[in-house]
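There are 2 protein chains.
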Amino acid sequence: MNIHAKRIKDLQQMLKRDKLDAIVVTRTLDVGFLTGYYMDDYMLLVSRSAAWAFVSQMLLEDFKAKVPFVEPVVYGGAIEEAVLETRKKARLGKTVFDPEYETYNRGTFWRRNGFAELGGLVGSLRAIKEGEEVEDLRKSCRIAARAFGVIKPRVKTGRTELSVYRELEDIMQSMGAKGPSFNLIIGFGPHSALPHHVTSERRLRNNETVLIDYGCVYNNYCSDITRTWFHGRPGEEFRKVYSIVAASQKAGLAKVKAGVNSRAVDKACRDVISDAGYGQYFIHGTGHGIGLEIHEFPRVNTRADVTLRAGMAVTVEPGIYLPGRFGVRIEDSVLVTRTGREILTKTA
Amino acid sequence: MNIHAKRIKDLQQMLKRDKLDAIVVTRTLDVGFLTGYYMDDYMLLVSRSAAWAFVSQMLLEDFKAKVPFVEPVVYGGAIEEAVLETRKKARLGKTVFDPEYETYNRGTFWRRNGFAELGGLVGSLRAIKEGEEVEDLRKSCRIAARAFGVIKPRVKTGRTELSVYRELEDIMQSMGAKGPSFNLIIGFGPHSALPHHVTSERRLRNNETVLIDYGCVYNNYCSDITRTWFHGRPGEEFRKVYSIVAASQKAGLAKVKAGVNSRAVDKACRDVISDAGYGQYFIHGTGHGIGLEIHEFPRVNTRADVTLRAGMAVTVEPGIYLPGRFGVRIEDSVLVTRTGREILTKTA
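Going line by line, the protein sequences match chains A and B.
So in my numbering, the last spot in the first sequence is 402, and the numbers never skip.
So in my numbering, the last spot in the second sequence is 402, and the numbers never skip.
For the record, the hints were derived by calculation from the structure and aren't laboratory data.
Since no wrong hints were added, every one of them can be taken at face value.
No copy labels: a pair is met if it fits in one copy or bridges any two.
Straight-line alpha carbon distances no greater than 20 Å define the calculated DMTMM-like cross-link-like pairs of lysine to aspartate or glutamate that follow:
| no. | residue 1 | residue 2 |
| --- | --- | --- |
| 1 | Lys-193 | Glu-255 |
| 2 | Lys-120 | Glu-255 |
| 3 | Lys-120 | Glu-186 |
| 4 | Lys-142 | Asp-75 |
| 5 | Lys-143 | Asp-75 |
| 6 | Lys-321 | Asp-359 |
| 7 | Lys-63 | Glu-125 |
| 8 | Lys-120 | Asp-95 |
| 9 | Lys-311 | Glu-350 |
| 10 | Lys-210 | Glu-221 |
Chain A on its own, in the form it takes in the complex:
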């Protein structure tokens, strides 16, 4: 069976399990995950035994050719009215929408028409990578990891952050990526101390830190990796901070395994940095899920309370940031396996 047809079946199983009659799916990425057809302005209604896609006339031919396992319903006026009509015709009872992503206006419309709120159904399917998507994610991560070996020797004194940004994109595209998976962060010197630095025209000088946080999209799947190094001769403090972050990341990675709570991964990273006296400079969570989005379920931080399962993919990315001076972050994308983990962004 086609992987997408299987996902719709999986969702239908969840409807049965949760005693629901139907779900309306409106997020572009969720709809694309279930059909393989990524496009704005269309949506799905999935019942226990059927699935309808509400598409404009403009998409119809293409949709029919590419998604033969979902019945298209062409709408002329408001797409939401077409959903209501099909729901009525099919005599569907309890129907849910995801209140975490639906807009307030549309959610209110669904509520007025008797729909209920229930988040996370499609999200929990998306969290477990399987079949060809594991291969796509591996490939996406492998491209990012290989690109590191190419770009690193080219980061030389006088180059701007943005020129590195563009070259890194080109390198990944030449290796088959569609494009970058987010606004890549290239930070030189004190810019490395800003976890969300916006890549700028600043030029690299001798003897300063280089931090590159990047990734690509391959067949819709996002990779994420960060490497930090010293351009020149590192002083004692850089070497110390770097080794603490490296030990922290190693400790976090070692925790990743099916059955472990994501908080335990965060704690493993945080403890190493705190014990070394730099706790106040680790100012963000340890990681996040990756997949169709660069940030998705599950989060890996002090508040997250998610049991890792085989097939989940997350980042582990502790950091220490000394304002106005320099920062070090080391990040890998990892796949959770039954017995441990597969590091997807290994670099030489």
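Model the placement of chain B on the given structure of chain A, informed by the hints.
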């Protein structure tokens, strides 16, 4: 005054005009428009006389340096609770949120805490381009237009759609663009008949249609342009359809002017195509606003009812699509002026 500080002042004027005390702004692009600082996971509360940004510890230093005209409030727990607390301390009364973009969950939270729904305030500010953003938009469009002259002679028999996609991106980046403004549509042969075709590995053959719908992002501003041509010797039907679409687009462009309803632009395009007997093959709206987003307010279609104003920027992009055979679309990005229009994507 800094353009962003001015925009916050403009928004504060709207609050006074509409007898509101405050607005919470949560969309990344809206927040970025008002501050110049584009980042996820932070939000603004703007009252008639003050503005607060709710930022994580991680963003604080960078935010203070870049947005000195907005007061940062660091949140530790839920960002929404921090907004409520500041609103209470400042004794703000009627506070609104945008129900068109806020999520159902968060909108419900605001409602429970006495906020009201009001859409379009920031959207209407964003619709009128002024100052440096006009320059950014012009530059973005100029890059796209210049790239056409470079790519067209390189589209040769045997090349894949995706290879053209990647080269077009590279060309625009080499001219200063950050990246593409959307998933560029490169369609060869029958693929040109699919308005939302997903660029593929298909190779160009002799004697078929080439349609390229593309644009770039320059300083956050998006351009959009479509060109269609025949690779080889066009037959009579292609020439006929092309000249109808060209006449339709010319008629639409001629209508663009401050004070004109956007529907009149759509009608001008549609009439030419209908009169020529191809009405059923023009299966989408005529255009859309462009700016920080590739699709934004106002829309230009049969249902839109918006009076164009000087400073708005829209696309005019009629098309005729003959399923399984070929399609022709011609699109330009235009700036509405008091006396008419400035075509931003003129090609030789």
